[in-house]
Amino acid sequence: MKNSLVAVLFSVIASMTYALEPMSDEALKNVEGQAGADLSLKLSLNQKLVTENNVQRYVFDDALCKDAEYCRLALAVNNRYIKDGQASSTDGFKLWLVFKGIQGTLNIQKIGLDGVDLSYKNDSGTDQLKAAMQLSFDPSKPIQIRNFGFDALAFGQDKFTSNATTEGVGTSPADYGYLQVTRYDSSNAPRSAYDHGRETGFMGLKMNGNLAVQGKVMMFGCDGSHQRC
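Residues 25 to 253 (our numbering) make up the sequence shown, in order.
Quick caveat, the hints were computed from the structure, so don't treat them as lab data.
Please read these numbers as outputs of a predicted model, since none were measured by experiment.
Some hints could be false.
[Unchecked claim] No farther apart than 27 Å at their CA atoms in a straight line, the calculated lysine-lysine pairs in the BS3-like style are these: (1) K230 / K165; (2) K183 / K72; (3) K230 / K66; (4) K154 / K66; (5) K183 / K154; (6) K230 / K154; (7) K183 / K107; (8) K90 / K183; (9) K107 / K90; (10) K66 / K183; (11) K90 / K165; (12) K165 / K66; (13) K165 / K134; (14) K240 / K107; (15) K72 / K165; (16) K72 / K134; (17) K240 / K145; (18) K240 / K90; (19) K134 / K107; (20) K240 / K66.
[Claimed, not checked] The following label-pair restraints were derived from C-beta to C-beta distances: (21) G109 / F244: 34 to 42 Å; (22) R215 / G173: 36 to 44 Å; (23) K107 / F244: 48 to 56 Å; (24) K107 / S211: 27 to 35 Å.
Cβ coordinates follow ideal geometry from the N, Cα and C atoms, glycine included.
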């Protein structure tokens with residue numbers, strides 16, 4: 025009984041199996057349909073939601089970032105080192121561009137995703153129709169930017185040497201240029217009590233606002249018949 029049942033199942037599966045065949049542009053033109061979706065995205069980085077005076081807002085999460093060196097973004101440019109106090113492109117102590125205390129919330133309320141037909145004239149001047157994916161934006165639902173930025177921008181330098189082919193290794197986290205912690209105090213900033221306790225750096229950035237975007241972006245498969253392909 026079991027053998028006959030398995031044989032029947034295999035015969036049903038085999039009868040429902042079809043080979044996929046490629047479709048030409050002409051065949052795709054004859055396919056009609058409509059599909060779309062509205063997408064939203066909220067990105068919150070190193071922040072927490074608090075309520076003050078019945079108003080909710082995002083603020084820097086001191087508990088999450090109690091170790092300030094782990095709430096950073098660091099960039100290292102290829103072949104950029106310090107050797108004997110001078111810039112070197114071969115080897116030396118690697119340099120880092122460190123964004124300290126990075127945080128922020130971005131709320132993209134709506135992005136429309138649709139399938140549309142794109143019409144254009146090819147090189148010969150005849151009309152061409154292409155299936156395209158369209159991204160659209162609604163200006164009445166702007167992108168919300170809240171406390172987005174960083175506390176300080178600074179350069180960091182490794183305490184071990186590296187070169188273009190071999191990456192050095194430090195013995196402790198403080199050996200890496202992007203994990204070193206230095207703060208302003210009465211010795212290095214005696215006349216700036218406001219900065220005492222803050223991380224050192226030469227600039228900071230914080231943005232708040234709404235960004236209203238209007239328009240659409242189309243993406244489609246392009247061939248040699250389009251002037252920009």
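Against the structure, the hints:
Taken as a hint, the K230 and K165 pair is honoured in the structure, with Cα atoms around 22 Å apart against an allowance of 27 Å. Taken as a hint, the K183 and K72 pair is broken in the structure, with Cα atoms around 34 Å apart against an allowance of 27 Å. Between K230 and K66 the CA atoms are separated by roughly 18 Å; this keeps the pair inside 27 Å, and the hint holds. Our distance criterion of 27 Å between C-alpha atoms is broken by K154 and K66, whose separation comes to about 32 Å.
Taken as a hint, the K183 and K154 pair is broken in the structure, with Cα atoms around 56 Å apart against an allowance of 27 Å. Between K230 and K154 the CA atoms are separated by roughly 43 Å; this puts the pair beyond 27 Å, and the hint is violated. Taking the CA atoms of K183 and K107, the gap is about 11 Å. The hint holds against a cut of 27 Å. The straight-line distance between the Cα atoms of K90 and K183 is roughly 24 Å, inside the 27 Å bound, and the hint therefore holds.
Restraint check for K107 and K90: not satisfied, since their Cα atoms lie roughly 34 Å apart, outside the 27 Å limit. Restraint check for K66 and K183: not satisfied, since their Cα atoms lie roughly 38 Å apart, outside the 27 Å limit. Annotation: proposed proximity of K90 to K165 is violated, straight-line Cα distance about 35 Å (limit 27 Å). Of the supplied pair hints, the one linking K165 and K66 holds, its CA atoms being roughly 13 Å apart against a limit of 27 Å.
In summary, the hint linking K165 to K134 is supported, as the alpha carbons are separated by about 7 Å, within the 27 Å threshold. Restraint check for K240 and K107: the C-alpha separation of about 50 Å exceeds 27 Å, so the hint is violated. For the proposed pair K72 and K165, the alpha carbon gap of about 23 Å is at most 27 Å, so the pair holds. Only pairs whose Cα atoms come within 27 Å are accepted, and K72 paired with K134 is accepted, the gap being roughly 23 Å.
The hinted pair formed by K240 and K145 meets the criterion: a straight-line CA distance of about 20 Å does not exceed 27 Å. With a C-alpha separation of about 42 Å, the suggested pairing of K240 with K90 is violated against the 27 Å cut-off. As the CA atoms of K134 and K107 are separated by approximately 50 Å, the hinted pair breaks the 27 Å bound. For the proposed pair K240 and K66, the alpha carbon gap of about 21 Å is at most 27 Å, so the pair holds.
At about 54 Å, the CB distance of G109 to F244 disagrees with the hint of 34 to 42 Å. The hinted range of 36 to 44 Å is not satisfied by R215 and G173, whose Cβ atoms lie roughly 25 Å apart. Taking 48 to 56 Å as the suggested C-beta distance range, the pair K107 and F244 conforms, at roughly 50 Å. The given range of 27 to 35 Å is respected by K107 and S211, whose C-beta atoms sit roughly 29 Å from each other.
Hint compliance for this structure: hints 2, 4, 5, 6, 9, 10, 11, 14, 18, 19, 21, 22 are broken, all remaining hints hold.
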